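Read top to bottom, the protein sequences are chains H and Y.
Just add 4 to the spot in the first sequence (first one is 1) and you have our numbering.
Just add 347 to the spot in the second sequence (first one is 1) and you have our numbering.
One should not assume that every hint holds.
[What the hints assert, rightly or not] Mimicking SDA-like on lysine to any residue, the simulated pairs with C-alpha atoms at most 25 Å apart in a straight line are:
| no. | chain 1 | residue 1 | chain 2 | residue 2 |
| --- | --- | --- | --- | --- |
| 1 | H | Lys-202 | Y | Glu-691 |
| 2 | Y | Lys-460 | H | Cys-158 |
| 3 | Y | Lys-690 | H | Pro-150 |
| 4 | H | Lys-285 | H | Cys-158 |
| 5 | Y | Lys-703 | H | Ile-212 |
| 6 | Y | Lys-460 | H | Ile-71 |
| 7 | H | Lys-133 | Y | Pro-688 |
Don't read these hints as lab results, they were simulated from the structure.
On a predicted model such as this, the values are computed, not experimentally measured, just so you know.
If you want the building blocks of each chain, they are given just below.
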Amino acid sequence: MRNRFFLWILFLSGAVLFVFTLIAAYREIAPEWKRYQAQYKEQIIKLAKDDATKKKAKELVPAVQQIYLGTLNRIDRCMSCHMGVENPMMANAKLPLKQHSGDYLKNHPPDKFGCTVCHYGQGRATNKKEAHAATRDTHWDFPTIPLKYIQSSCTQCHDYEMLSAKGYDNIAKGAKLFMEKGCRGCHKLNGIGGALGKKLDVVGSQPIAYFPMRFVEGDRNTYNWHKQHFTDPRALVPESEMKINVKPEETDLLATYVLSLRAGEMPKDYRRIKGTQTVEKPDEGEALYRMFCIACHTTGKDSYFDEIFNRTIPAIMKPAFLKTADEKYIKKVVEDGRAGTQMTSWKATAGGLTGVEINNLIAYITKDRPSAKPERFDFAGFKTDLKRGEELYNIRCALCHGKKGQGGEGFLGLNLRNPVVQGADPEFLAITVRDGRSETSMPPFGKKGVGFTDRDIADVVSYVKTMSKKK
Amino acid sequence: MNELKQSGIDVFKHNIKSLLGSFAGSFLRSGKPTSDKSRAAAMFNNFFLHVQGVKTHINTLRPTYTLGLGLISFFLLIITVISGVLLMVYYSPSIEHGYTSVKDINYVVFAGKLIRNVHKWAGEGMIIFVLLHMARVFYTSSYKQGREFNWVVGIVLLILTFGINLSGYMLPWDQLSYWALVIVANIIQSPKEITDSLGITKFFDVGVFSKELFLGGLTAGKESLTRVYLLHIMLLPIFLFIFLGVHFWRIRKDGGLTKPDVFEPKPIDAGLAALPEKRGGIFPTNKTYGLMELAHGRTPVVDRDVENTVLSWPNLLIAEAALFVLCLAGVIAYSFFIDAPLKELANPMIPENPAKAPWYFLGLQELLSYSAFMGGVGLPGLALLGLALIPYLDKEPYHVGIWFSNKQGKRIALESLVVSTIVIIGLLAFVINFGWFRNWWPNVPQMLITLINPGNIWVGFMIVWSLYVIKRTGSTRMGAIALFTMFLISFLIYTYVGTELRGPNWDFFWSKSQWPIH
Chain H
5 MRNRFFLWIL FLSGAVLFVF TLIAAYREIA PEWKRYQAQY KEQIIKLAKD
55 DATKKKAKEL VPAVQQIYLG TLNRIDRCMS CHMGVENPMM ANAKLPLKQH
105 SGDYLKNHPP DKFGCTVCHY GQGRATNKKE AHAATRDTHW DFPTIPLKYI
155 QSSCTQCHDY EMLSAKGYDN IAKGAKLFME KGCRGCHKLN GIGGALGKKL
205 DVVGSQPIAY FPMRFVEGDR NTYNWHKQHF TDPRALVPES EMKINVKPEE
255 TDLLATYVLS LRAGEMPKDY RRIKGTQTVE KPDEGEALYR MFCIACHTTG
305 KDSYFDEIFN RTIPAIMKPA FLKTADEKYI KKVVEDGRAG TQMTSWKATA
355 GGLTGVEINN LIAYITKDRP SAKPERFDFA GFKTDLKRGE ELYNIRCALC
405 HGKKGQGGEG FLGLNLRNPV VQGADPEFLA ITVRDGRSET SMPPFGKKGV
455 GFTDRDIADV VSYVKTMSKK K
Chain Y
348 MNELKQSGID VFKHNIKSLL GSFAGSFLRS GKPTSDKSRA AAMFNNFFLH
398 VQGVKTHINT LRPTYTLGLG LISFFLLIIT VISGVLLMVY YSPSIEHGYT
448 SVKDINYVVF AGKLIRNVHK WAGEGMIIFV LLHMARVFYT SSYKQGREFN
498 WVVGIVLLIL TFGINLSGYM LPWDQLSYWA LVIVANIIQS PKEITDSLGI
548 TKFFDVGVFS KELFLGGLTA GKESLTRVYL LHIMLLPIFL FIFLGVHFWR
598 IRKDGGLTKP DVFEPKPIDA GLAALPEKRG GIFPTNKTYG LMELAHGRTP
648 VVDRDVENTV LSWPNLLIAE AALFVLCLAG VIAYSFFIDA PLKELANPMI
698 PENPAKAPWY FLGLQELLSY SAFMGGVGLP GLALLGLALI PYLDKEPYHV
748 GIWFSNKQGK RIALESLVVS TIVIIGLLAF VINFGWFRNW WPNVPQMLIT
798 LINPGNIWVG FMIVWSLYVI KRTGSTRMGA IALFTMFLIS FLIYTYVGTE
848 LRGPNWDFFW SKSQWPIH
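The task is simple: from the sequences and hints, build the whole structure.
Rendered as structure tokens:
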């Protein structure tokens, strides 16, 4: 019986082999795109008005339609299904056979541009799932981009002015929002901007793995991530400190703008750039304030306690602040930042602002400075006693500024150990202690307030100036 | 005189008519195999068939004895070679075009995706079936009586199978390939752990030297892909086929597969075609000797009778054909439903977390997480050495050709299975819950961890337990059964843990669904 056993195995596995070979062969002979091409042929024959077109349509042989784009380093096979993109007869057809909308293809012939250079998606794929690549199991980082963000592709070759003139102004609007919402206060672009957030230079072409996709609703791709991140950053990245102050309809514009920030440059013969294609740095004070400061300092008129930073953000344009803070002090803060706080250093080697720009910015900030100067303190005239200063500090100041002057996070007062305070003119510090900072938690400690004598103040200030050496 | 009258044209016509028959006759040399003699001739006159005996023992044809495992491994190899050559037509081994050429194979090459799947799954199937074949050979004591060296050849073939699979894993140049390459390069570099501890790295850095030799640089790049490609399509296959030839040739010289000393045909065996006639056939009942008589030494065939053998044509050939079609059908059916993975293009900036080697190395990667040197070089080297030495340390010449030797053998195998499962799971549970030296004393010298880690403890336990079994039973064969069973179980459990239960940062998770989603 043994040979019969083997013969049965031979027969049965032969049958299985035959069936699967047949199905596999069928799958190869009749792929998805051939169905669409057959439909296309049928519709063309039906719609043909003259015999020549009809004859031509009848001669259509199903084949993979492929555009090889050497300089763009890609192969697009999209037209294997989207047969009718260039055919005006297919204007009213259904997808995927429909003609391309508008007259874009007149100036962007597919054999020069292909499809994925604007629309993304996996050009090499020959089935819908992997070509559109909407789901993560296709392992393709750039699925076809939703049409509401499609203008992010235009800026690869065109400037904002030309696009806006033609009515494609999403990208220019997005760029304007980017300039006015203070994004660069934390994010660097072209080397200019704060250091708190991520660099944005190539954020539009970063792969999915760079973004925490866990809480994204809908398809997990970068387009949805950016849109939802502009709506509520902390919904996607719980530990995010990003400040956001945009209307719901502005999120799409901002997403379009950041998606246009791509790595690599289009080849020269594709580019048509005459005007602006990137956000420049303004040199005028108010614009500078909007671009770099407004996200945290808002109007600059009121100080407020920030829940996310867990500290008070000072009202830097308030007359009461400007009365005590002189230009030299503000300039030092702007240039060097405040170590230990979110305030970035803005000098040319850090945030990227030139001296002229910083001066313009300070001129704008200090435009409401009251003419009345504070009363002189004359710190140099005092012979100070450090020990007494320490005692006074521990009694009156440590509660808000911390025993070691660490202040900042979790304290009402600011950090006294940071270089700006340590390097500040003692005269200025003494005046601040004496007169306080109105409408902040810092009360006047002089005779009009807590009741320190000038000598007390001088002792405390001299002690504070030694704090950075204290362990 | 009739023939004389035949014209040349008649002869030509006759030749054309009998073309098929005469071609078949010339191919088989002795005409259609209708008699025992011509069947025998069909076997030994054929280049491909003569590596097999003219007659085959009934035991060899029993599916329950061999389970066909060796043949399946060989047939899978044939399938990978054919599908591999087809893939080579389109694959381009460069980091610029490697990935896209694999994409094109998937999308536009006719049946390309199926062929790639077949190549992948037949190759990984080889690993499973080579291991199972090794287990069959071990448990039937088929490494004895002149077959000792062939067992060693088998171990070499096992290593080559792993090597070919691994090198193939790296060719698509996707994220899986790249990070597997990085892990393997780190394993190759792991002797540095020892040289660092001994303080001799500055004289000769053998770890980094080997890594550079493998990668063609300190990091994975285009030279690495070239080297891996060379290994995959040329060096390793050449060695594989050379050793495979030796493996088969020695089986033939050893008189075919092993069989029990005492063998009784069962009624079911009567179904085999053309049982040679005992009397009156062309074969005498005793084996005849030709030049073999002059040769020195002794092969296992000498002094054996030819009873219980049947003609290989057609009995053996039917079985082989059935198995081949079974393999082909199995691979194609599996490939039809499950696609070979292809992830994003390799990106050195995005580490996979967890970065895992291919599944067949994840057992080692688990050991690697204890000590890089021990998991990557020390323990696998020791395991292979131990496997290779089995026939020389257990020479008991009885019970050959019987599964598990005897009742005691079955009991020892079962006992080792239970003991090893408990001990390994215990060790794993301990490490997962309490960590190891580095977690307790962060400044402990690396040498101490290299010497004392859960992997070493497990291997030490295997050795001690096997010695204990030898002492208890007084039989080296029983000790070997215990050792081999524990080796198989640990391969199985560690591979499972590494594949299924280890997540990002090599942390423990009960299932993949609990992994923190990125």
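Status of the hints after comparison with the structure:
1. H/Lys-202 to Y/Glu-691: holds (23 Å)
2. Y/Lys-460 to H/Cys-158: It is violated: about 35 Å lies between the C-alpha atoms, which goes past 25 Å.
3. Y/Lys-690 to H/Pro-150: holds (23 Å)
4. H/Lys-285 to H/Cys-158: holds (22 Å)
5. Y/Lys-703 to H/Ile-212: The hint holds at about 20 Å.
6. Y/Lys-460 to H/Ile-71: holds (22 Å)
7. H/Lys-133 to Y/Pro-688: holds (16 Å)
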